[in-house]
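Using this note's numbering, you'd call the opening residue of the sequence shown number 1 and step up by one each time.
No wet-lab data here; the hints were simulated from the structure.
These numbers come from a predicted model, not from an experiment.
Where a beta carbon is used, it is the ideal one built from N, C-alpha and C, also for glycine.
A portion of the hints provided could be inaccurate.
In silico DSSO-like links for lysine-lysine, alpha-carbon gap of 27 Å or less [what the hints assert, rightly or not]:
(1) K88 <-> K37
(2) K88 <-> K27
(3) K37 <-> K100
Pairwise CB distance ranges, derived in the manner of DEER restraints [claimed, not checked]:
(4) K100 <-> V79: 29 to 35 Å
(5) G91 <-> G41: 16 to 22 Å
(6) G41 <-> K100: 28 to 34 Å
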Amino acid sequence: MSRFICDTCGREVLPVDGIVSWTREDKRLGNFKLTHKDTPGNKCQPENNRYRELYTLTLAHGYLEFISYLLERWEDNLVLDDPQTLRKVMGQLNLHIHEKLIMLMED
1 MSRFICDTCG REVLPVDGIV SWTREDKRLG NFKLTHKDTP GNKCQPENNR YRELYTLTLA
61 HGYLEFISYL LERWEDNLVL DDPQTLRKVM GQLNLHIHEK LIMLMED
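Working from the sequences, and respecting the hints, build out all of it.
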C-alpha cells in the first residue's frame with residue numbers, strides 16, 4: 001500500500017497522524033502541504049490557515065469533497081499560487097485512492 005511522506009520532515013505519515021493544510025488569502029490558494037499534525041514533540045505543520053485531516057482525505061467521500069472544494073474556489077475566481085505544492089499533495093492522495101480502488105476490484 002502507498003505511504004504518505006511528510007513535506008516537512010520527510011518521514012512517513014500515518015493517515016490518523018497527518019494533515020493537509022494550505023493558505024487562503026486575498027483570493028489566492030497556496031502552500032499546500034501534507035505533514036504530521038503538530039504535537040509537543042513534533043512541529044511539522046506549517047502556519048497555514050486552512051486544513052483537512054489526512055484520514056478524511058483517504059476516504060473516497062472526503063477525497064471527492066476536497067476536489068469539490070478546490071473546484072468551487074476556482075469557480076469563485078481564486079488563483080492558485082505555486083501549483084507544484086498542490087500537485088505534490090494530490091499525487092500522494094491520488095496514488096492512495098487508486099490503490100484502494102484496485103484492492104476493492106480484486107476482492
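So, going through the hints one by one against the coordinates:
Distance check on the hinted pair: K88 and K37 sit about 18 Å apart at the alpha-carbon level, within 27 Å; holds. For the hint pairing K88 with K27, the CA-to-CA distance comes to about 21 Å; that is within 27 Å, so the pair holds. Straight-line distance between C-alpha atoms of K37 and K100 comes to about 23 Å, which keeps the hinted pair within the 27 Å bound. For the pair K100 and V79, the supplied restraint of 29 to 35 Å holds, since their beta-carbon distance comes to about 32 Å.
Roughly 28 Å separates the CB atoms of G91 and G41, a value that falls outside the hinted 16 to 22 Å. Restraint check, G41 to K100: a C-beta distance of roughly 31 Å satisfies the suggested window 28 to 34 Å.
Going through the hint list in order, the structure does not satisfy hint 5, though it satisfies all others.
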